[in-house]
Amino acid sequence: MTRFRRLPQGGRIDRAKPVSARFDGKALGGFAGDTLASALLANDQVLIGRSFKYHRPRGLVAAGIEEPNGLFTLGEGATTEPNVAATMVDLVDGLVARTQNAWPSAGFDLMAVNSILSPLFQSGFYYKTFMGPTKGSWMFYEPFIREAAGLGKATGLPDPDRYDMRYAFCDVLVVGSGPAGLAAALTAGRSGARVVLADQDSDFGGSLLSGNDAGHEAWRIACIGELKSLPNAETCARTTVQGLYDGNLAVLVENRSHLRPDARKGEARMLLTQLRAKTIVMATGAIERPLVFSNNDRPGVMLASALRSYTNRFAVAPDKRAVIVTNNDTAYQAALDLATAGVAVTVADHRASVSADILSRAGAKGIAIFPGSGIFDVEGAKGVTRVKLGGAHAVTIECDAVGMAGGWSPVVHLSSHGGIKPKFDEAAAGFVPGGFPASHYGAGAMMGTYGLSAAIAEGSNAGASAASYAGFGKTRPVYAPEHVTDRSYAILPTWAPAYSAKGKAFVDFQSDVTIKDVKIAHQEGYRSVEHLKRYTTLGMGTDQGKTSNINALALMAEYRGITIPEAGTTTFRPPYAPLTMGAIAGRTVGAHFRPVRLSPLHDWHVKNGATFIDAGLWKRAWFYSWAGATPETAYVKEMELVRRGVGLADVSTLGKIDIQGPDAAEFLNRVYVNGFAKLPVGKVRYGVMLNDDGIVLDDGTTARISDNQFYMTTTTAQAGEVMSWLEYLLQCHWTDLNVQVASLTDEWAGMAVSGPKAREALQLAFPAEDLSNDALPYMGCKDFPFEGVTVRLLRMSFSGELAYEVHVAADYAISLWAHILKAAAPTGIKPYGLEALASLRIEKGHVAGLELDHRNTLDDLGLGKMAGKEKDYVGRALRFREDCQSPERWSLVGLELMEPDKKLRGGSILFAATDEIKGHGRGYITSVTWSTELNTFIALGLYKGGLGHEGEEIIAAFPLKNEQARLKIVSPHFIDKEGARLHA
Amino acid sequence: MLERRSALASAKPYVGSTLKIAERPGFTLTQVAGLSPDFETKLSTVVGPLPETVARAQVNDARTLFRLGPGQFWIVGPETDDAAAKLQGQCAVTPLNSSRVRVSLEGAPAREALSRLMPVDLHPSVFTPGGVALTGIHHTPVTVHCAAENAFDIYVMRTFAVTVWEAITDAARLFADRS
Chain A
62 MTRFRRLPQG GRIDRAKPVS ARFDGKALGG FAGDTLASAL LANDQVLIGR SFKYHRPRGL
122 VAAGIEEPNG LFTLGEGATT EPNVAATMVD LVDGLVARTQ NAWPSAGFDL MAVNSILSPL
182 FQSGFYYKTF MGPTKGSWMF YEPFIREAAG LGKATGLPDP DRYDMRYAFC DVLVVGSGPA
242 GLAAALTAGR SGARVVLADQ DSDFGGSLLS GNDAGHEAWR IACIGELKSL PNAETCARTT
302 VQGLYDGNLA VLVENRSHLR PDARKGEARM LLTQLRAKTI VMATGAIERP LVFSNNDRPG
362 VMLASALRSY TNRFAVAPDK RAVIVTNNDT AYQAALDLAT AGVAVTVADH RASVSADILS
422 RAGAKGIAIF PGSGIFDVEG AKGVTRVKLG GAHAVTIECD AVGMAGGWSP VVHLSSHGGI
482 KPKFDEAAAG FVPGGFPASH YGAGAMMGTY GLSAAIAEGS NAGASAASYA GFGKTRPVYA
542 PEHVTDRSYA ILPTWAPAYS AKGKAFVDFQ SDVTIKDVKI AHQEGYRSVE HLKRYTTLGM
602 GTDQGKTSNI NALALMAEYR GITIPEAGTT TFRPPYAPLT MGAIAGRTVG AHFRPVRLSP
662 LHDWHVKNGA TFIDAGLWKR AWFYSWAGAT PETAYVKEME LVRRGVGLAD VSTLGKIDIQ
722 GPDAAEFLNR VYVNGFAKLP VGKVRYGVML NDDGIVLDDG TTARISDNQF YMTTTTAQAG
782 EVMSWLEYLL QCHWTDLNVQ VASLTDEWAG MAVSGPKARE ALQLAFPAED LSNDALPYMG
842 CKDFPFEGVT VRLLRMSFSG ELAYEVHVAA DYAISLWAHI LKAAAPTGIK PYGLEALASL
902 RIEKGHVAGL ELDHRNTLDD LGLGKMAGKE KDYVGRALRF REDCQSPERW SLVGLELMEP
962 DKKLRGGSIL FAATDEIKGH GRGYITSVTW STELNTFIAL GLYKGGLGHE GEEIIAAFPL
1022 KNEQARLKIV SPHFIDKEGA RLHA
Chain B
1462 MLERRSALAS AKPYVGSTLK IAERPGFTLT QVAGLSPDFE TKLSTVVGPL PETVARAQVN
1522 DARTLFRLGP GQFWIVGPET DDAAAKLQGQ CAVTPLNSSR VRVSLEGAPA REALSRLMPV
1582 DLHPSVFTPG GVALTGIHHT PVTVHCAAEN AFDIYVMRTF AVTVWEAITD AARLFADRS
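Going line by line, the protein sequences match chains A and B. To convert, take the position in the first sequence, counting from 1, and add 61; that gives the numbering used here. To convert, take the position in the second sequence, counting from 1, and add 1461; that gives the numbering used here.
Everything hinted at is true.
On the chain B side, residues computed to face chain A include the following (Cβ under 10 Å):
id, residue
1, 1463
2, 1465
3, 1467
4, 1494
5, 1495
6, 1497
7, 1531
8, 1580
9, 1599
10, 1601
11, 1636
Hints in this document: simulated from the structure, not taken from any laboratory. Note that beta-carbon positions come from the ideal geometry of N, C-alpha and C, so glycine has one too.
In isolation and in its complexed conformation, chain A is listed as follows (with noise of 0.2 Å):
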């Protein structure tokens, strides 16, 4: 029966530390340096979890990042963390984790039963078995199915952790710290280069935390010694690069959970970097091959380089023997580390021979080798208890654990994350780099060099050479440390096993997907690597195949009678590893989501009752308590306040926008559909522009300051984007015109005094101004200066009442505010919020951000009049087109509601009073209100014809709610056609 035990001495652990954690429930000790999955196995937990179809035992394959199996749910109530590699866990006193997808145990799993009923889950089950018997069955089975898959659960509980990040910069980024990588970042180092040298892993070195050389370790401490002292290198630990992206972005992402840290003190448990990198080196290694035969992920099956690390790092190891299965040589330096360890080795090795120098070294450790060989099965339950060999050696043999040693696959996904597909190379039976931008290298095991001396002399070249590529010339090359005979591979690939048993033959153990799964999906079409990936679910789990996708599409090249270049291999895509999605979201979350905008005056409107609501991302008074505790109430009573008093609302959001220089009149000219050419000093304008396809872009309104100078107001909406249009239209398209634009939007406040009382109002303010009709006509303006401040005044109305609008700098905008309100407070002058300022201009018939929607014309909101004859302007030539000139349009009207039990929503559709209610009508609500003069609801909106059809009754329907009404299309101006308010 599979056993593991800690080997006295040895090992990267500091038995002086001894550490405490939980598993599942109960104590697990171990020590510092240990991972989750070294204290398991040195706990001998073999057996840690099901797997995820059938529910078989397993144990851990690998002892890196490629981990399968190992998953586990870290943590406990909000800091629940799911399906979690215990190879990539640290072990710290305090940490939770427990197996997941086993009930009521990994030892004992009801739902173990589905490896009786396996024969129903084989590739494409899903697609066969729940697809009827009607057409809508899937939806049906969907819940069921998707309770019943899957690994871990994720809490619904807010993430209490503080997850952050940083920009960041650096000459030459190169990816990995085994031998090639710190030979690339020392040499690129020493060239005064800004290097980082990042690793997924909780030390530097790759490979070598695995060895058990001194001559190795010396030179791997002595290059880690070198690189820190270096003030230009910055060395990054248990950070992994889960993505390169164009302009050389890497994304980076630090793990700092084992630091235990405290949100509450801006200490984060992970750490995502965007790194500009002038050049890349890559070094990410290559991640061993599991072989495929009959029962191959029991429990004490896993890569022989996985013993090997599992022996010398973490100096745990099989309690009395282990087999290892292989097909090269590489597989060697686990048996010998194995037998040093006092473990009994046998190999079986699928080549007919082996080397003579290996057949020496390992005799002198009492190995038996069986060349010609492989394994038959594996016998045992909830570990390995036997193996049967089959081939030249057909013998059974009583062990721990079986190492599977199928060969070498290169990293090679960041070097694909840009586009480039990956190439087969023969000698190294595996995929490498299909090439590299310019300023991207790789080196060492990822290029399929698995030599020590050659990876480092690889590495250190690419090094110099990215340092070279930054424009940094002299460095000094690291070399390999002195004696150093590089491994020799010696690969014999085989991919069908070619002794096997009737037992499961796994190919992806964490999607469960055996080879005859594989062998199915050929049989039934399919064949190409992307469809085998999405039939069988190969390589969709959080591994990503690391350790399954090369056997498959081998296997698939096999049956298909095709080369595996030929196969092909899936898409290479970020993320690398799995990622928490916090580290995405980062700091922006919460309040931090997205930037709020907020008016010189919110601070008035909290402190005084105001009820906010987002428009864009501006927050905009919405009502105030005074007039009621809901919107419904409260806006009623504020449009009745500027019907008959005054009122005061803030419009700071509007865009403002300061035009000036001598042919800033011409450029206005030109911008807007009606002249401004002659708008005298000391006088405003209303103004519509076009989109240069004759679309309305915005409207707004443009004051004359002096000969020179222009002061324009667009809507809330669309400010940035005409400000934008302005720049663009000046210095692309009018290059002649000489003209300077500057945004005002944030420097100046504004407010509406509105309401019959509003001159009475404003002269209360300004007392020594004045404000007379004669003075200050309609669509007049003055500026003044008021308390050591320039104050200006623009008599225009957005109500259709008696208005101006006081604009001032925004730092006085709160005491200007409050000044009004004081002094004119004997006219009963109260603020007014949003809904009410859109209600009243619903009333007016004034068209706003719900009917300038980028899609109408000129004429379909009533303004075609406006627009010059005489002069030319932008969108001029493209508003005349023969669709924008139908009658058939859908263009403005005023709707009013024929049934007073009823109500009228906003966006509902119009049909004609003969019209099936069906399909898209023939327009739509735009904007909705009571009418305070009315006493009714009315609206605006889009009807096919328009006024044209002024006196019909219509329908409105809305479907959501299944309501209909009848309304009467009128005029859109309800009130004061005359406009004698706004001149009063």
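Following the hints, put chain B in place on chain A, whose structure we already have.
Just chain B now, with coordinates in the frame of chain A:
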């Protein structure tokens, strides 16, 4: 005189021993732009030498000048500055005193805190005193001026000042004193 109120009047202060983050009020900001070929000559007559590039500020006595782009400058002067008045009629003069809030970061961790906010290479050999970055923090445009080795002034749009302040102080939480 109307009372002047900062956009950050209600913002929660940041308290840090090694890193100071605070609003630095008391300045005038004037945007000037050319309307004649000799604009830069006229401008330099009034305010002194001009910055040669967008990436460098020019400090002339109490004024700091920023080049925003072709023919456009910011003049950041003391709270009372006659530059705008002197330039009136010679170019397009746009007072922007209320439009920006100046936030300063000062202290050894300032670069690290800023690296969490903006995609600018803040290495001391790259972003040196006098350096200027027209960049973005929390999705909003900002102008960042390296005033000294570890001292930075950030000019933030007024209407985004609170949200950017909160983003800055949150990014710098690691360096804040615990209350």
